[in-house]
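Engineer: Chain by chain, the residues:
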Amino acid sequence: MAERYSSFAPGGTAWLLQRLTAAFLIVVLAFHFFLLHFVNHAADITFAGTQARMQDVGYFLTMVLFLITATFHGVNGVYNALVNQGLAGTQKKVVLGVLVVAGTALIAQGTWVALVMAGWI
Amino acid sequence: MSTQQEQQPAEPEGQEVPVDQEMKAESSPQQDRLQRKQEGLDQREASADEPDFEEETVHLKVFRYDPEVEAKQEPRFDDFHVPFTRGMTVLDAVIYARDEYDPSLTFRHSCRQAICGSDAFFVNGRQRLGCKTQISELEQPVRVEPLPHQEVVKDLVVEMEHFYDQMHAVEPYFQQEDLPEDELEEQRQSRENREKVKMSTRCIWCGACMSSCNIAAGDNQYLGPAAINKAYRFAMDEREDEEIKEHRLRIVEQEHGVWRCQTQFSCTEVCPKDIPLTEHIQELKREAVKKNLKFW
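Here the protein sequences come in this chain order: A and B.
The numbering of the first sequence is the numbering used here, which starts it at 23 and goes up by one.
The numbering of the second sequence is the numbering used here, which starts it at 193 and goes up by one.
It should be emphasised that the hints constitute simulated quantities derived from the structure, not laboratory data.
A quick note: this is a predicted structure, and the numbers were derived from the prediction, not measured.
Even for Gly, the Cβ is constructed at its ideal location relative to N, Cα and C.
Incorrect hints may appear among the rest.
To be verified - Here are the simulated distance ranges between beta carbons:
hint, chain 1, residue 1, chain 2, residue 2, range
1, B, H251, A, L128, 51 to 59 Å
2, B, Q230, A, L51, 43 to 51 Å
3, B, D466, A, T112, 40 to 48 Å
4, B, E329, A, A45, 37 to 45 Å
5, B, G410, A, H59, 52 to 60 Å
6, A, V123, B, V345, 39 to 47 Å
7, A, L128, B, A263, 57 to 65 Å
8, B, D224, A, Q40, 40 to 48 Å
9, B, E475, A, L51, 47 to 55 Å
10, A, Q40, B, R386, 27 to 35 Å
11, B, R431, A, D78, 30 to 38 Å
12, B, G317, A, Q40, 54 to 62 Å
13, B, Q230, A, H59, 50 to 58 Å
Stated by the list, open to error - Restricting the straight-line Cα-Cα distance to at most 30 Å, the calculated cross-link-like pairs of lysine-lysine (BS3-like) are:
hint, chain 1, residue 1, chain 2, residue 2
14, B, K465, A, K115
15, B, K482, A, K114
16, B, K388, B, K346
17, B, K390, B, K465
18, B, K465, B, K253
19, B, K346, B, K253
20, B, K465, B, K324
21, B, K465, B, K437
22, B, K264, A, K114
23, B, K388, B, K264
24, B, K264, B, K346
25, A, K115, B, K482
As the list claims (entries may be wrong) - Per the computed footprint, the stretches of chain A lying under chain B, defined by three or more beta-carbons under 8 Å from a beta-carbon of chain B, are:
hint, stretch
26, 105-114
27, 128-137
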């Protein structure tokens with residue numbers, strides 16, 4: 023009966039999160055493109071402007087969440103594409119390990135940069 | 193149908209009237225099929241006056257391979273020119289080629305009416321049932337090959353063992369243990385539930401879907417569309433207890449179960465029985481997530 027009460031069994035969680043992050047990313051990507059490519063063109067983006075935006079708590083949180091969801095979505099997508107291609111056994115474990123480490127490092131580095139930009143560390 | 197006709201001898205067209213009305217009112221799959229059937233009938237009637245095609249021939253290019261015969265160890269295509277007859281199917285053509293030209297031409301076939309699922313071939317670059325594919329609808333030469341992504345045993349015969357293993361892995365049989373108290377009572381199913389599983393029950397195990405699936409081609413552990421559809425047929429059947437449904441979901445929610453489907457719809461495209469396979473797989477994904485999100 024324990025199985026009945028357990029939530030988040032392995033297979034489905036990643037699939038559900040992939041879909042949820044996809045929905046979230048559509049909105050945040052649109053926001054990102056409009057703000058930093060269409061409204062403010064590449065030439066207009068300045069270091070001071072970036073710092074000013076990051077000091078806004080809402081913007082900071084959105085960007086960190088953007089980073090986490092995009093990393094998960096990308097890493098999980100690549101991993102599943104490889105599994106679809108028949109990746110198995112030790113190779114699969116190694117690939118998963120590398121992707122998890124790379125993803126975690128990306129999130130840690132990105133969050134650190136965001137904190138520095140905001141002037142909070 | 194026949195009893196209706198007997199009851200209304202004065203109105204032979206009486207049974208067709210409601211069908212036409214429904215066709216205008218809504219567009220269910222059944223109505224679509226009836227409409228296609230009517231269109232086909234009209235077409236056949238229209239073409240009945242056209243000149244006879246008896247003189248024409250069909251150019252077949254048939255894949256040949258036999259590991260046990262030295263001359264056929266190297267795969268090749270053989271050409272056959274078969275006299276065309278109206279209504280000729282790909283299966284009719286290869287049967288003619290075998291009977292008249294080369295008795296060693298090997299392929300599976302049985303019922304010739306799209307029920308046994310034996311004669312799924314790769315015809316002109318697409319998985320089709322030989323007996324359900326009209327030669328007149330194909331471009332010539334007609335290339336007939338064995339199903340891709342399965343080992344070729346000989347000519348058009350492929351190894352189906354793996355496909356059957358996957359089908360059996362989902363326990364494709366009714367498993368309700370608690371029967372109605374009265375021994376003579378039937379295990380009834382509501383009309384709505386029957387309608388829900390109707391399309392999934394049509395599977396004839398031909399293997400066309402599995403052969404067309406990109407993922408199944410690269411991942412042998414993947415259950416494949418046909419097996420998942422079979423699981424759907426029973427998991428969605430209300431006559432089985434909730435515990436059995438959960439047991440079924442546990443089988444399909446393994447890593448190489450439903451999650452491998454990338455919704456490419458190639459299985460749905462080639463299914464000779466028009467089963468919405470991809471939709472069924474997606475529905476099982478949702479069911480599995482719902483089951484796992486239960487906190488109570």
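Engineer: Indicate, hint by hint, whether the structure satisfies it.
Structural biologist: Checked hints:
| no. | hint | in the structure |
| --- | --- | --- |
| 1 | B/H251 with A/L128: 51 to 59 Å | holds, 58 Å |
| 2 | B/Q230 with A/L51: 43 to 51 Å | holds, 48 Å |
| 3 | B/D466 with A/T112: 40 to 48 Å | holds, 43 Å |
| 4 | B/E329 with A/A45: 37 to 45 Å | holds, 42 Å |
| 5 | B/G410 with A/H59: 52 to 60 Å | violated, 37 Å |
| 6 | A/V123 with B/V345: 39 to 47 Å | holds, 46 Å |
| 7 | A/L128 with B/A263: 57 to 65 Å | holds, 59 Å |
| 8 | B/D224 with A/Q40: 40 to 48 Å | violated, 33 Å |
| 9 | B/E475 with A/L51: 47 to 55 Å | violated, 29 Å |
| 10 | A/Q40 with B/R386: 27 to 35 Å | holds, 34 Å |
| 11 | B/R431 with A/D78: 30 to 38 Å | violated, 58 Å |
| 12 | B/G317 with A/Q40: 54 to 62 Å | violated, 32 Å |
| 13 | B/Q230 with A/H59: 50 to 58 Å | holds, 54 Å |
| 14 | B/K465 with A/K115 | violated, 40 Å |
| 15 | B/K482 with A/K114 | holds, 28 Å |
| 16 | B/K388 with B/K346 | violated, 39 Å |
| 17 | B/K390 with B/K465 | holds, 11 Å |
| 18 | B/K465 with B/K253 | holds, 26 Å |
| 19 | B/K346 with B/K253 | holds, 16 Å |
| 20 | B/K465 with B/K324 | holds, 10 Å |
| 21 | B/K465 with B/K437 | holds, 25 Å |
| 22 | B/K264 with A/K114 | violated, 39 Å |
| 23 | B/K388 with B/K264 | violated, 48 Å |
| 24 | B/K264 with B/K346 | holds, 9 Å |
| 25 | A/K115 with B/K482 | holds, 28 Å |
| 26 | 105-114 | holds (count 5) |
| 27 | 128-137 | violated (count 0) |
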